[in-house]
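Chemist: So the chains spell out like this:
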Amino acid sequence: MAAVGRLDGGAVSAPDGQGDGPVSGRGSSPPWRTGLLLALPAVVIFALLFVAPLFTLVANSFRTQTGAFTFGNYVRFLGDPFYRDVLWNTLKVAALTTAGCLVIGYPFALYMRGRSPRVRNWLALLLLSPLLISMVIRAYGWLVVLGPNGPVAAVLTWFGIAPPQLLYNDTAVLIGMVHVMLAYMVLPLMGSLDRIDPTLVPAAKGLGAPGWTCFWRITLPLSAPGMLAGAMIVFSLTASSFVTPAILGGPKVKLMPYFVYTQATTTLDWPYAAAIGFVLVVVTTGLLLGYSRLLRRGHGEVVFG
Amino acid sequence: MRTRTTRQEAERSVSTSTTGTPAGPAARRGRLRLDGVRKVLGGKEVVSAVDLETEPGEFLTLLGPSGCGKTTTLNMVAGHLGADGGVIEVDGTDVTGTPPHRRSMGMVFQSYALFPHMTIADNVAFGLRMRKVPAAERRRQVEEVLEMVGLDGMAGRHPRQLSGGQQQRAALARALVIQPDLLLLDEPFSNLDAQLRVRLREEVVALQRRIGTTTILVTHDQEEALAVSDRIAVMADGVIHQLDRPREIYLRPATDFVAQFIGEVNALDGTATGGGACEVAGARVGATAVGDPPAQGAGVRVYVRPEVVRIQADGDGLRGTVRETRFLGSRIRCVVATGAGEVTAALPFDAQVPAMGEEVTCAWRPSDASMAVR
Chain V
708 MAAVGRLDGG AVSAPDGQGD GPVSGRGSSP PWRTGLLLAL PAVVIFALLF
758 VAPLFTLVAN SFRTQTGAFT FGNYVRFLGD PFYRDVLWNT LKVAALTTAG
808 CLVIGYPFAL YMRGRSPRVR NWLALLLLSP LLISMVIRAY GWLVVLGPNG
858 PVAAVLTWFG IAPPQLLYND TAVLIGMVHV MLAYMVLPLM GSLDRIDPTL
908 VPAAKGLGAP GWTCFWRITL PLSAPGMLAG AMIVFSLTAS SFVTPAILGG
958 PKVKLMPYFV YTQATTTLDW PYAAAIGFVL VVVTTGLLLG YSRLLRRGHG
1008 EVVFG
Chain S
55 MRTRTTRQEA ERSVSTSTTG TPAGPAARRG RLRLDGVRKV LGGKEVVSAV
105 DLETEPGEFL TLLGPSGCGK TTTLNMVAGH LGADGGVIEV DGTDVTGTPP
155 HRRSMGMVFQ SYALFPHMTI ADNVAFGLRM RKVPAAERRR QVEEVLEMVG
205 LDGMAGRHPR QLSGGQQQRA ALARALVIQP DLLLLDEPFS NLDAQLRVRL
255 REEVVALQRR IGTTTILVTH DQEEALAVSD RIAVMADGVI HQLDRPREIY
305 LRPATDFVAQ FIGEVNALDG TATGGGACEV AGARVGATAV GDPPAQGAGV
355 RVYVRPEVVR IQADGDGLRG TVRETRFLGS RIRCVVATGA GEVTAALPFD
405 AQVPAMGEEV TCAWRPSDAS MAVR
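Taken in order, these protein sequences are the chains called V and S.
End of the first sequence = 1012 in my numbering, gap-free, step of one.
End of the second sequence = 428 in my numbering, gap-free, step of one.
Any given hint could be a false lead.
[To be verified] Partial pick of chain V residues on the chain S-facing surface, computed with a CB cut under 8 Å:
1. 821
2. 911
3. 915
4. 928
In short, the hints are calculated from the structure, not lab data.
Just so it is clear, CB atoms sit at the ideal spot from N, CA and C, and this is done for glycine as well.
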């Protein structure tokens, strides 16, 4: 996730109002050395627990079950329309979850921004509450809520509407995922909105911009880094999530992580499981890099303006 | 578009209200009037009944310590805060309920509030874009105003690539390009270092004199206020204590607060003897009453700046003993113990310096001091 690291140095930063000279770094030791020291624990953990296993994963994916070198696993995956569908569906669910979190989360973040610290703390707690419960329990909760005898069906029936099938389809997975992922979208978004100088909107208003224009031309483009960070987190977490889709998707909706799981535990075809996993990593990373480049090139402004 | 309509209406109302006077240039516009303007924030009245009227083209400063209500007043003029009472008028048009984007106010914020994701040219063009000025005309005006503030060649830069002073100029250009009825400056110099602050404020004053836009400056810096303003409104606790020209504010403060806030002052208690004179510690001293002259026998306080006090061997004035003399470079500080307390004089460097313990008289011109009822 190299792109995540670049967020802070990215397109938008607050203007520096101090002094007349150009802003420059200070301090005697080279900044990169201090920076490296601070990053060391994280780098070690990532190297040992992420990069090294990833290499093993990649190496394994190019082997047959007996250990010989082969492209067979990838040929098999890409040649099979069923698996291509699964990949497509996984990306679709991840994208829709991201979009859902953005649409629900952005107004919420805007609302939170204007509140007092006390109210904000309560709202943040509310937002984080789904993460305090075990994933399995939460998913079973949704089974009850969305089930044929659940409250949603009851309310719909009361209004004389025949309740549609709410469980074991993409919608169910989407509802469950948005519920969990909302916090991952709102919190970076909050950070981004908080960094916007609160006088920018009054300044725009004073220059003749009505409220909606202020939002469209000032707030939205300046919150792009937060949207980008939130979207990346939500997208990658959703694309690789297993429990919620497995429970709420039922037998019909099967996403990539599910097949990694079955190949590894049921079929015991570890190289093929590795190949599926690696395809997911490559596709997700590729999409996120492309997405962040698109946003960064426009400095936020062109994309949204 | 709507902003322009307001402007036209404003111009029309001016031309009717100023019949008889020759149709002047832009200087005829920009008459701001506040009538009993109030604001309550968090249950506290931060601005109470502020009355104020500017001349077109005037440079007026709201001066006061932080929390005195000066910025709140400015924000009500700009429309960023609604008034809880009173009327705000620009050129005879009531704008009290008008949202900020339909008022024609160019505001420079303390933080400059430049849009960080836009170039300087786009920042400056923003107001013109909102007014639907065609692109070619927009470009011409942006170029013109950037040259006026000395930022030609910076159009393509982003705000973060500019120094503090340059950002300040860009913010000024952005406020001026829309040809506002009023230019509102909210502590615009406070983020600059001392030298640059003085240079930029001289530039802003020169520019303001040239284009003649009525300007309201908010500051807590009394020296700045004295240096740039046509008139100063000294505010404290949500009310205007005194509204007058810098010289009057300095030499003839109307209240204790004004006297103490702006520079050093000798505050002497005495009794009014009628006819613009008073008695302090048995001596007759002259002072100008601010407002109605106090009745004979009323307790008054006389405010005298150290710079106006002359030390003489004899003659009319307050007698006392020299307690301290100190050479301060530009001035000589001399403290005299009198019957009304210590009087400090700031003498010019070539003045006859009295000896310690010498009996002297402190005197000043009545027009250089003020008195107010205690």
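Chemist: Taking the hints in turn, state whether each one holds.
Modeler: How the hints compare with the structure:
1. 821: 15 Å, violated
2. 911: 7 Å, holds
3. 915: 3 Å, holds
4. 928: 5 Å, holds
Hint 1 alone, counting from the list given before, is not met by this structure.
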